[in-house]
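Reconstruct the complex from the two isolated chains, following the hints.
Protein chains in written order, with my numbering: chain A, 1 to 162; chain B, 1001 to 1733.
No lab work stands behind these hints: they were computed from the structure. Hints should not be assumed to be uniformly reliable.
Claimed, not checked - If you want the ones that stay clear, here's a sample from chain A, every Cβ over 10 Å from chain B, calculated:
1) G7
2) L30
3) V58
4) L59
5) S151
6) K154
Stated by the list, open to error - Below, in silico cross-link-like pairs of lysine-lysine (BS3-like), each with a Cα-Cα straight-line distance of 25 Å or less:
7) B:K1423 / A:K143
8) B:K1681 / A:K143
9) A:K143 / B:K1617
10) B:K1247 / B:K1423
No residue lacks a Cβ here, since even glycine has one placed at the ideal position from N, Cα and C.
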Amino acid sequence: MKLSINGQVSEVDVEDDTPLLWVLREQLGLTGTKYGCGIAMCGACTVHIDGVAQRSCVLPISAVSETQKITTIEGLGVQQFHPVQDAWAEIDVAQCGFCQPGMIMAVSSLLAQDPNPTDEQIQSEITNICRCGTYPRVLEGVKLAAQRMASNQKAGGSNEQV
Amino acid sequence: MNKSETNAHSEGAINLTRRGFLKGSGAAAGAFVFGFSVPFSQSALAQSNSPEVNAWVVVQPDETVLIRIARQEMGQGSLTGLAQLVAEELECDWDKVDFDLVKPGQNRERDNAWGSQFTAGSTAIRGSHEYLRQGGASARMMLTEAAALQWQVSASECRVSEGVITHEPSGRTTTYGAVAKAANDIEPPKTESIILKDPKNWRIAGKDKARLDTLDKLDGSLVYGVDFSMPGMLVAVPKACPVHGGKLKSFDAEKVKNMPGVKQVVRVDDETVAVVADTFWRAQKALKALPIEWDEGDNAKVSSESIAKKLREGLTADTSFVGNQAGDAKDALANAEQVIEADYSYPYQNHAQMETLAATVRWRKNGCEMWGPTQVPGAALAALAEAAELPQDVCEIHTMRIGGSFGRRAATDYIRQATLIAKQIPDTPIKLMWTREEDMLQGRFHPVTQCRLRAAMDDEGNVQALHMRISGQSIMAYAMPQAMGDNGDPVAYQGLDPEGDMALGYSFPNLLVDHAMHNPHIRPGFWRGVNLNQNALYLESFIDELAHAAGQDPLAFRRKLMANHPKHLAVLEAAAKGIGWDTKPPEGIYRGIAQVKGFGSYVAAAAEVSVTDGEVKMHRIVAATDPGHVINPQQVEAQVAGSFVYGLSPLLYSEATVKDGRIEQQNFNTYRVMTLKDMPKVEVITMPSGGFWGGVGEPTIAVAAPAVLNAIFAATGKRIRNIPLKNTDLTVS
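Looking at chain B on its own, in the form it has when it is part of the complex (with noise of 0.2 Å):
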């Protein structure tokens, strides 16, 4: 590749998303509404002839097609899905497409144009995929309108493809670049009007595509929030009470103010002191120079040890929420013949994605403004604007593409420092940056939960009855209290519900899915995958122990639970298919399946490992996804892959645990995570049944560790109930 090609792209690239573009608001693109200025004006205004088709496309002179992107990059790939979408129903040309991010202030400012911008739960595509396509429908019904009208032709008689309009009785041709201009005036088209492709006839989405946004990471010139800068720009480093919901005390700025760079430090909360410096490295340095008193607390007392007591205690407690039931189990399990019993437990994880927590933001009296990654836009919006004191109206945030984030940056509370140290300092851009050891301390973590399954089988192997208890912490709780329902947590059951999105995939005459709420002091969060993670692993292991005290095939005991479930089934069936389930393996392999719905999409996977002087290889894993549709196939390739990363690393080596209050792991020589030898090859079969759109991004996580799991038992006959594995001496008594 031409190296200027790639410059002409990712410069090009870094320019639309600086572009402004009001449309209506009387403001001059480029001249942002209240009139900050914002560095990069002048290659916006550079770039301001350009007027929208709508909210999704704009097609500028040269037939460069912009498509607007809400939704948030941290490296799933939906920037380009989402491309994707709009452009089917523009009939666009593919090759001269590109993107620009929407900004959470813009969004408001025209009451909402592009919808939602959050950005987890695996929503992006299914969450939008309707007005992205009616989007692009109505922009390709404009342009060719907006040509019919300067031919003094019916737009019947016309038709695009690949951004060229001709008008079929004359011959006439058009392109979207010359008339772009002119459908900007026409009035769009009403919605009921507008219909869609059948996907069949789909010919971009649902195609392998290249990502619209890779040149510019592969040469170092993307722009991620820890590598903005600005002038005059200063940096803070923050730390905050290692014990969480401790107080900060004191701190002896006399110590570190002599210290190269230091240029103050500021009492940023409660909890929290940072250091401002010229740099990064001199902040951190005095910040780790500084005497700090904290006030800790009660939750100083708090370990491991202590939380799984008080989770030991929840598996038995007479009072819980209940998230699914059929029949009366309890009353099955006292009359049962046989009764199996088995306790699980999943342990804390953090995020650990690779960009530490960094936003940029400018306090000024008359607004505040951001410069950073979020995963929710309208949220960080609205955060920034309750730190700075100031209304929604003057503040904005410039999004960035995301340095990975699995759910992290759900949370706004790094906004929220920047812009408190922001506002001591106002007129001065300040750079907030966490290091990894703030990062490692101060995580929103995956809970921590145990589960005790006890089933009720007859003398044939069939169950009778089944209560899953699960005990631990909520992340709603903590998060979304507002979320909190007759059920408790409504997110503790996932993959466990009755019905939709997170459904169960078993039938049990006797049922009873229930939760005892135990909520530590260690903030929890949305971890890719949320409970789904634990809750599959939990279920997954126990039904391959009920199928081995059945002394029935694992797959075979399944097929009977699952016959009113088609769907669990066939992902099920096509990852045992790939595998070879039915082949004898080769010498010293063993194999294990698991399955679960979550997030919309239907997935089951089956592993290969083998065992040898303790040490688990995992040689290969089959997965098998149906979202519904698939919008891009090479993307949901690599999501899949991906995910097993983050699934099977918290199976191998991750936890997080505490000891005094406090996280212990405070890095990746202690938070150990997967690297490419541990990397087992992954098939991905994808079988889009179509009537419904599922998320790709997190349910395959779910299926990994239990697939792997159940094939750890068949080699050893260890049933392994508490992860991660480096606790576990796995070798052959």
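Isolated chain A (complex conformation) (with noise of 0.2 Å):
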């Protein structure tokens, strides 16, 4: 079966059952994306299918095809950080930082989506579970990237991603 993650196209041979999640993890040692819940609950596992958010510790490798364009969180930004991760950085918004990575995945994709969202948007989109408790942090980090993807492009930048 074959699978395009982070503009690689890789070759695994798994029950058709394997979650996208632990081919990931297992079979191509992308240990960034994280086991927490395996019923789509906490969001740890969050990575980009054609750049839209989703939950691949429920995802069946089966229902997976090769034209769809895998992004986890190791493809996020490989020449440069993106800027939700700069962001990340700038106000040190992980504490364990166990949940970041799919924090990182969930919110890239809602700017890339809506690039100037509301409080209240931030808040019903990104539902993803920390438990040491990050979220003011995860939500003014929300804001700065949001801000900086906007000079970005008015820079005549790209925010685009692999």
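Written out as structure tokens, the structure reads:
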């Protein structure tokens, strides 16, 4: 079975019901995508499929086709940090950090679709669980990243990712 | 930020943590003491030519200052704070600081050179600040001495700033990196000769510094225990009897042995079976298909209701342990004109740390190693060695940064399991991984308690007596029975103690705080905030009840009781001022306050909430903390805000209930926790008054819930005495 991950085509041989999460982690060694619950509740396993955030722990590999472009945290900012990662570094959002790859993938997807979300939109869209309680800085980080992306655009730059 | 910088940092950090660093043991750094082929030996050997200055400090020729961290980092940020303390006295360039994690076997090998590695009870900073600063100062003195020796001048003529040593009379300069090797041979100064800086003059400690351990958390490159892998490694997924104390009767391995990837099904101990496979996914799938018979025993009859009934009996039981008393509260209550009484309860809570339990263990007949996280490296090494049936000398734990822990990994159960499995499959690295469901069922739960509070009050609203009867489970009786004392469980009275780190902040002419112990079979553990959480909820809600009964403002009412407790009062006043207690709140918004002392710090919170159609909305919480000293203000702020998520999740949603002897909630769909949408705006006031050292990871958890509950009472007139709120109808009838 062929998959397009972070701009490369990989071939894996697993049972059809294996969730994408475990293909990434155990077949391809991409352990940045985390297991938190296995029932799509916590969001630690969030990846992008064709640019849209999806929870990979309940997505069987049989439902993913080679034409779909999968991006994991390892592929988000390859040459340079994504503005969301930059914002996260700047204001020290992470505590233990375990949920943050999923959080960052969810936020970068949100901002790709809505470059200027309101607090209410952020609160309803970002439902990832963080037990350290980084939520106030997550909120601040989303807004900082949104500002950065807006000024990048103005300067003629691009926020396009892999 | 340039990506290559990030990689340089993160790879550097990983390599650094992988380096061996034995001094004077005759072993080359990197080739660890018993010569195991650790998978990192290549990178370790490549960097083995930087001798340490002392146990805490290594300076590399490129001026990178490597500070050794002995306490565990699980998100709380103390790794950075600890490095700040060393760097402050070392007088190095903070921008060149990196860190290295100390392993418990190394600590043991060097006669505990790094002190306690235990990381719980908000102790990391407050339990090690002095010797860390001395370690930094000692290294500075040795480096200076080495330079002076090279110049043939007196060290007293030399000055140090940002890692540059200057001989003032001649103007000659050199750097730490240039003299580090020579400093290694300098005799360390005697502790008595080390004069530490006045905190007033700090320039690294006490300042906002970015965390040292952030970047590799943002690109997925940080390897947590669950991410670790080694060549030839297999994955084991365990299942223990869902009724704690029950036994594993039998299992039918034949039914699953031909499933993909399955290697073996093993009996781990009396109560646990595990499937060993090539991957987690395959192992857990086979485990689900494995027919297992349990002997659940009598505990299978226990339910939350049966536990609550026992605890209710404890509220009036004749015998109890006494935690704090003054005067004769029982007599005063018996003769009082007006007695106010209320019963409260707090349910079981699961840690629900994001990283489920995992550890990789390789057992060989001549030694046993573990790669994975723990909060208690010393105890973990002992548990590893005991399960391995090998001496500690030939065992080691390669500690890792932790994906949240909150007390869960103060227990070593998962380490024991991993070792018992690895011992049955010698020479093969076994990564034990728990499912979320196992993590929820086999937690070490925040204990369950009830509390009856009775107060005698005179006509003028003065409290003449208070009796606080706690009924319920003891953590220590299960986890550390050797620590039980004349007062029973010494930590049962956190926040209610007569004095010390957990001292009560009120004076009552007659006081009795006692504990009727009942220990259900559900295994308890240390959960962030421990017993301070429910004790503060009970007392701070009840004080609010008394204030309303007396017809007095809750802040003014507390002031009268706190005259002898100025530091407690100072944080309460600060939180009240921050919320605008003396001003009228916006339409529909109501306020509540609470205070407590815990883990050495004085804390208070003031909350603003609204209740609309029974829905509580927490708008804003102001927290005030006096921890004595603050090492990294922006991280203290992060801890306080984060602690509210831990304290308010149980208020709103979280509870672990018992049915047929087992915990009912097995995942986040039923064990619900706060998300971003629930988060109030948090304003953090940090007001260190000096002269003592308190913790900040835990104490503010305890004031969040009572401040909100008191605000809900102000909004609705309903006094909530049992949480979570999801079980209570708050619609105004």
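Now for the hints, and whether the structure bears them out:
Under the 10 Å C-beta cut-off, the non-interface status given to G7 (chain A) relative to chain B holds; the minimum distance is some 15 Å. Distance check on L30 (chain A): its Cβ comes as close as 7 Å (rounded) to a Cβ of chain B, failing to clear the 10 Å threshold; non-interface status is violated. Every beta carbon of chain B lies more than 10 Å from that of V58 (chain A), the smallest distance being close to 12 Å; the non-interface claim holds. Its beta-carbon lying about 13 Å from the closest one in chain B, L59 (chain A) satisfies the requirement of being farther than 10 Å from that chain.
Annotated as non-interface, S151 (chain A) keeps its C-beta farther than 10 Å from every C-beta of chain B; the closest such distance is 16 Å. The beta carbon of K154 (chain A) sits about 20 Å from the closest Cβ of chain B, which is more than 10 Å, so the claim that it is off the interface holds. At roughly 51 Å between alpha-carbon atoms, K1423 (chain B) and K143 (chain A) are farther apart than 25 Å, so this suggested pair is violated. A distance of roughly 15 Å separates the Cα atoms of K1681 (chain B) and K143 (chain A); the hinted pair therefore holds under the 25 Å criterion.
For the hint pairing K143 (chain A) with K1617 (chain B), the CA-to-CA distance comes to about 22 Å; that is within 25 Å, so the pair holds. Pair hint K1247 (chain B) plus K1423 (chain B) holds up; C-alpha atoms about 21 Å apart against a cutoff of 25 Å.
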